[in-house]
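2 protein chains.
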Amino acid sequence: MKKYVYFFGKDNVEGNRGMRDILGGKGANLAEMSGIGVPVPPGFTVSTEACNLYLAEGGRIPDVVREEILTHLAKLEKAAGRTLGDSENPLLVSVRSGSKFSMPGMMDTILNLGLNEKTVKGLAAKSGNRRFALDCYRRLIHMFSDVVLDVPKKEFEKILKSRKDSEGLSNDFELTEEALDAVIRDYKALVQKIAGKDFPQNVTDQLFLAVSAVFNSWNTPRAITYRKLNHIPNDLGTAVNVQMMVFGNFGETSATGVGFTRNPANGAKELYGEYLMNAQGEDVVAGTRTPSPIQNMAREIPVVFEELLKITSNLENHYQDIQDFEFTVQEGRLYMLQTRNGKRTGQAAVTIAVDLVEEGLISKKKAVSMVEPDSLNQLLHPVFDLEEKSRHEELAKGLAASPGAAAGQVVFTADDAVEWKNRGKKVILVRGETSPDDIHGMSASQGILTATGGMTSHAAVVGRQMGKPAIVGCGGIVLNEEKQTFQAGSRTVSQGDWISIDGTTGEVLLGEIKTRPSEIIQVVRGEIKSEDSEIFRKFTTLLSWADEFRRLDVRANADTPEDARIAFAFGAQGIGLARTEHMFFDRERLPFIKAMILADTEAKRKENIDKLLPFQRQDFYDLFKAMKGNPVTIRTLDPPLHEFLPKKEDLMVEITELKVSGKGSPEKIKELEQLLERVVALSEFNPMLGHRGCRLGVTFPEIIEMQARAIFEAACQLAKEGEKVLPEIMVPLIGGKPEFTNQKEIIVRVAEEVIARFGARIDYTVGTMIEIPRAAITAAEVAEEAEFFSFGTNDLTQTTFGVSRDDGAAFINHYLIHGIWPDDPFQTVDIKGVGELMKWAVEKGRSTRPDLKVGICGVHGGDPRSIVFCDGLGLNYVSCSAYQIPIARLAAAQAVLNLS
Amino acid sequence: MKKYVYFFGKDNVEGNRGMRDILGGKGANLAEMSGIGVPVPPGFTVSTEACNLYLAEGGRIPDVVREEILTHLAKLEKAAGRTLGDSENPLLVSVRSGSKFSMPGMMDTILNLGLNEKTVKGLAAKSGNRRFALDCYRRLIHMFSDVVLDVPKKEFEKILKSRKDSEGLSNDFELTEEALDAVIRDYKALVQKIAGKDFPQNVTDQLFLAVSAVFNSWNTPRAITYRKLNHIPNDLGTAVNVQMMVFGNFGETSATGVGFTRNPANGAKELYGEYLMNAQGEDVVAGTRTPSPIQNMAREIPVVFEELLKITSNLENHYQDIQDFEFTVQEGRLYMLQTRNGKRTGQAAVTIAVDLVEEGLISKKKAVSMVEPDSLNQLLHPVFDLEEKSRHEELAKGLAASPGAAAGQVVFTADDAVEWKNRGKKVILVRGETSPDDIHGMSASQGILTATGGMTSHAAVVGRQMGKPAIVGCGGIVLNEEKQTFQAGSRTVSQGDWISIDGTTGEVLLGEIKTRPSEIIQVVRGEIKSEDSEIFRKFTTLLSWADEFRRLDVRANADTPEDARIAFAFGAQGIGLARTEHMFFDRERLPFIKAMILADTEAKRKENIDKLLPFQRQDFYDLFKAMKGNPVTIRTLDPPLHEFLPKKEDLMVEITELKVSGKGSPEKIKELEQLLERVVALSEFNPMLGHRGCRLGVTFPEIIEMQARAIFEAACQLAKEGEKVLPEIMVPLIGGKPEFTNQKEIIVRVAEEVIARFGARIDYTVGTMIEIPRAAITAAEVAEEAEFFSFGTNDLTQTTFGVSRDDGAAFINHYLIHGIWPDDPFQTVDIKGVGELMKWAVEKGRSTRPDLKVGICGVHGGDPRSIVFCDGLGLNYVSCSAYQIPIARLAAAQAVLNLS
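Here the protein sequences line up with chains B and P, keeping their order.
If you use numbering that gives the first Met the number 0, the first sequence corresponds to residues 0 to 899, in order.
If you use numbering that gives the first Met the number 0, the second sequence corresponds to residues 0 to 899, in order.
Heads up, some of the hints might be wrong.
The list treats identical chains as interchangeable, and a pair is accepted whether it falls inside one copy or across any two copies.
As the list claims (entries may be wrong) - Simulated crosslink set (SDA-like; lysine to any residue; CA at most 25 Å straight-line):
{"#": "1", "residue 1": "Lys117", "residue 2": "Asp85"}
{"#": "2", "residue 1": "Lys364", "residue 2": "Gly17"}
{"#": "3", "residue 1": "Lys482", "residue 2": "Glu656"}
{"#": "4", "residue 1": "Lys1", "residue 2": "Gly17"}
{"#": "5", "residue 1": "Lys482", "residue 2": "Glu676"}
{"#": "6", "residue 1": "Lys743", "residue 2": "Asn233"}
{"#": "7", "residue 1": "Lys268", "residue 2": "Glu305"}
{"#": "8", "residue 1": "Lys268", "residue 2": "Leu308"}
{"#": "9", "residue 1": "Lys163", "residue 2": "Leu52"}
{"#": "10", "residue 1": "Lys396", "residue 2": "Ile816"}
Honestly, the hints are just simulated from the structure, not real lab data.
Can you make the complete structure from the sequences, with help from the hints?
Rendered as structure tokens:
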């Protein structure tokens, strides 16, 4: 016969933590604790299967379930030595929902079930405390009627408040027995009036009504929505936990408290928590009394404290992780009510994982599995003092694009940022949006704040790349560039005003909040010796363990030697993406770029390109050198040329001004008009789908020739100096084989010519980005020529969805809120769509070139979920920003461990 | 033993037209004609296999081939009754290349091979015409040395010219024997000087050198490039045709001519062509003498004419198609040199195909197969008188976006177009580009000319939709909107000047060239009775035969009742795409649209949307009515909202003007600035990837509700009036199932509500466009909810390639010219990329919904090659502009016939 109810108690446990499917998380947990001898108030769990049966039968508790509940109730009464409804020694129980996954959308707890006019007297007599019994009864009527009978909570609160008012009291606990009698009378009248029936006096009715209410709560609209948003199946059902009540407010030898087995902020091995004597759990939460540090228990109730130490230590050993526990002491007797793995900061996570291994409690494998990769971020970014932060006014909130904390004086242009920085100021660059023109200003700033743009906007990508805090798409601020101010609500912030931004939360705050670089960053920068930093030792220890398990290589997206050096310090095994265009925005070079674009003859164009060669050669020389013989993937020129020119509308306005004011000379106007003509000719309706990537290289082969020459001259020079160099040249934005072949021919021709000239030997490969659906679809053909693939998942996501991330704000937020998109595909790989194309590309590519090397270099290369997916696809490496390398190393290891 | 050489001649033919692979096109054709008893000068073909052997052996004629050539030469000498190199009766031959596919990149013809110092005398004696023999010899030295010995042609031309100059002559044929002797002497000296060896006197050497030269010409860079561009495999090789010379210039009973078995312009059954007595083929081409109409032969050489009539009639019967032939008469004897299916106009193609069936010569199936679908276009669009056109100055040339001819006075704005038209003028609308704002002006114009934009630009799409001639991307014209002029080279064209545009060729011409609507259009418009038009009868006859074979249904893209009526007249079986947004640009409605977009509260937005309801209801009422019970697919709102607002830069300039001039009131400026703010907020970097399509419908469900209400109220009204209505509601731009489900829920809810209210019964379906790669990839899921798919291949191509067609001009032309793209994917479906996604979508979609109806409604729906592909994929219908319906009907039939 099928079993629907499971008992837990001393010497009689029918479940364990492996049974979350049928007992729910809470039920499984209570059973597990009981099973290992932890003192838990006895009780039983009505299973999720009973719930599904109940729902299938249209909301009726089946007889078979009803019988089993009654049988288990009898067992519980025996274990508790009390009886439900008994007028002398009544059993009181709590009733709680508990599904497989924690679901805030579901039923609240009902406490003190079992009280009625008769048993409340028994409880009063038995406890010798009539006020306590009345207070319990009042709470039951309130909770039960709200949850089971749909009597609005606020009506009870009104009654309670008016009673306190009439007695001139401000706290519930000040109510006298007489006042409580009156409250109970009013409560009961309210129930009769609103629910149309009396508060049930039959305690068995109370129990079955409560169980039904829990089951019904599975299908409330709120719960259904929650499941939809969190991808929880609808057919899991919820369990119901019925447990003997224990009371921390039973007198001077009773208490209640919460704690962690280790410090969840820094991971230190010490019991950490707080408690209150003669109090209930909700008193700790309500903050009406100040709890004491848990260590004080040693003085106040030493025997109990001793027992608690032993139990929590056992729990930690048993669960092999830091525990977050709740307990109650009733009349000197300790009961554990809950234990679960404790939430912790990144620093604590690393410390605890490494400590547990060093204490011999867990394996390296377990340690590597238990740290959330994203939490490593917290160890890398500057931090605000939380307490100080709470004293500052919040101006607005935007997208948390690049984590970390920064404070600085507001500037509105990149040039100002540089100038102020040179004057020794700290600045926050505030822009409508940023463009490659702003790079120098972003680099000079503490952090970046933009009014528009999304998580892959220029500001966001460059912010993460630079490891600088950035908040983007902050619609709450309105820029007035002319006046050099921005408006946030009623507050006007001017140039030079201090603001602080928290890139981890998206908060923009007024004033200066002090920050400090994290200890690990200070070590990486050489400001602290590594042997002096315990957290750095643990951090690198954990990552070195991760390296033992992972299959994927981890590379960095890095454009400069400085990026490369940091990436290398974080364990990068090469550069997966070096963008060549950022190098072009340098002040010295920009004039040649502009002249090249505006050239009206091929000769003039060539002349200006040639002037760029020495710059680029030096760039690559430095980059190769910094990577010390590891592979360096260099992408040829990618962005549309008009990015290097002024904006059309700005020119139009300038010309109009000069004309209308009569201040412009005809020559100046003519010159601007000619520039405008060229800008208009180059401007595009949809630049993302325009003349960029290899399309530039195909139409202007001389640019690619120059870049190839710079790369191979730098490589050959280093080879002559005895250094190892592994260049991998990557062609962007191909749609198929012919474009790739066209570019490869140029690159190989120049490479062979330079290598021959130097008499050097350079191992190099030529491969391509897969960032256009058609490139993925025709991967079999492309791989005939391409020696490696690297997924550019930013563009691939945009084209596969037909969505520009930067333009999409108007609907993307709506899509995420309404669950049309389960996740933001620009943050984690969309497995159903983009992932399908990636899978296709890997399979087809390797069908023609079995040893094809495949990597990923979009933002997703630093996203743990995406890394797990990439591991499953059989990629060779992921490439991410220098600061994401630790995350990627850990996620890549977990990808392997989660499968095994 | 393998055979390398094939003879053709009377009573001895070793090949036939089925052997193009090894004999090449020309060789197979000569063999075929010989085989059916047509008098062809005898000769032999050295096979393509011999060519490949020659190339494989490094450019040496293998002995086995050499032997076989000599054997066949002997046969030829026997058949001709002359011997190569014989001093009395020398055989002269022509040597021509001929591969499977016609390749202009290859070797020119060598005529008169076999002449040397000795045989030229024999030829002089035998022909009794020494001048003739010398002229033949001179031509051989020239051609042979150019082709075989690489002596530049122009050096020979110099010698010839200086000889004519010194004798004071202007024509070659005036040269005396003495002058020719001198020319030959100079030619031979030139060869010795440049080639370093004498012109070969050994005639067998001449022959083998010529054969080698043909083989070598297969691998010239020019030929390789040509093959690359035309997707001709490199390993086909070329054949060599060696054929006895015949001379049309042998005397007064000799002649040469060309002709067609029917009139290639209008298809009339009459011999059509021209000839010259005592002349060579090149004389007809050179135009130094005026040829006579072929009918004159009946008078001048009646016996030969009689024979020609018989032979060409046989050829037509044999090839079952109009023949384009060449012939030579030598001394009263007729030789056919070439026959091939004749090129013809669309009108002729239709006439001939139908006539041939009615004459009992061919089957309906054959008739349907032999007409090029695109050629039907020519029957539909207005035409220029060609002779008159040649008298007008060409101003510029652009992309031939919408075929047909139009003349009108130049206007530069849509409003002017309407105003001038209302004043009874014919206008050509000239714009930088057009936008939906210009629709009324486009509609009022004879034709459209834009300086920018590509084949799927707004002007191009709307032009084809409206059946109006359009030239787009005409970079040769420079607009000056302020002065209301455009510049084309040195010519300035002002408002009101007449120009003529030929949308079939892309030519822009100065002045008014008269046009006339085609006869078929006049019938469709009811201006001519159908029974009075023979061409209309043949046109519809051919299409009705096509209908017997095709599997695909053909529908129209039509937004207005007028479009729908024309589509219906052309045989549309329904509307495959009715865009609802064009309806919004109407002057009466645009204010409500603008107010809706600018609304700052939902109530205001709703209020303005509600005002649109009656307009939309009437739109749909008229559309349903025009389609008489056939299915009508209506797409919900698609374009980004900012299309309905003024442009950002225009507003910025206007504000600047008002401010700087001090002429604007503060209120006016404030108002404009507020509008600008809204426009900026709505403006997008990449509107194609922005807030449009169903993304609008998801975020502003009230718009979709209004549209659904309008559709179903119109449908119910008609149902009440006893009309049949089949609405199919189509959701645009989905990326996956959740967006579709969201929109479908709204549509079905409104539909059921309206249908219930009317008490009507309406069969409707809700489906989606597949125009985003992700929609195709997730088609299995989408089809769980969607009742039909319609491929939007314009957007699907843009997103699959990551290319915006309108922006791509800078590189797309380069890609097409350099063969990086074999075809323009915006004109014909890219089978490797986009096609693969389509295939996937059909298969996956039908895996979850086996009876899923699938169509296509992008521009490719009217492209014959794409239609064949769609038929192969198992689509249910194609939808194209009304004027493309005949093309689609024919192409759909050919798709079936070509496979069977």
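Hints and how they fare:
1. Lys117 - Asp85: Within one copy only: 8 Å inside a chain, 140 Å across chains, cut-off 25 Å.
2. Lys364 - Gly17: within (21 Å within a copy, 71 Å between copies)
3. Lys482 - Glu656: Both, since 18 Å and 20 Å are each at most 25 Å.
4. Lys1 - Gly17: within (18 Å within a copy, 78 Å between copies)
5. Lys482 - Glu676: between (30 Å within a copy, 16 Å between copies)
6. Lys743 - Asn233: between (53 Å within a copy, 22 Å between copies)
7. Lys268 - Glu305: Classified as within: same-chain Cα gap 17 Å, cross-chain 115 Å, threshold 25 Å.
8. Lys268 - Leu308: within (12 Å within a copy, 110 Å between copies)
9. Lys163 - Leu52: Answer is neither: 45 Å inside a copy and 110 Å across each miss the 25 Å cutoff.
10. Lys396 - Ile816: Within one copy, since 17 Å is at most 25 Å while 51 Å is not.
Hint compliance for this structure: hint 9 alone is broken.
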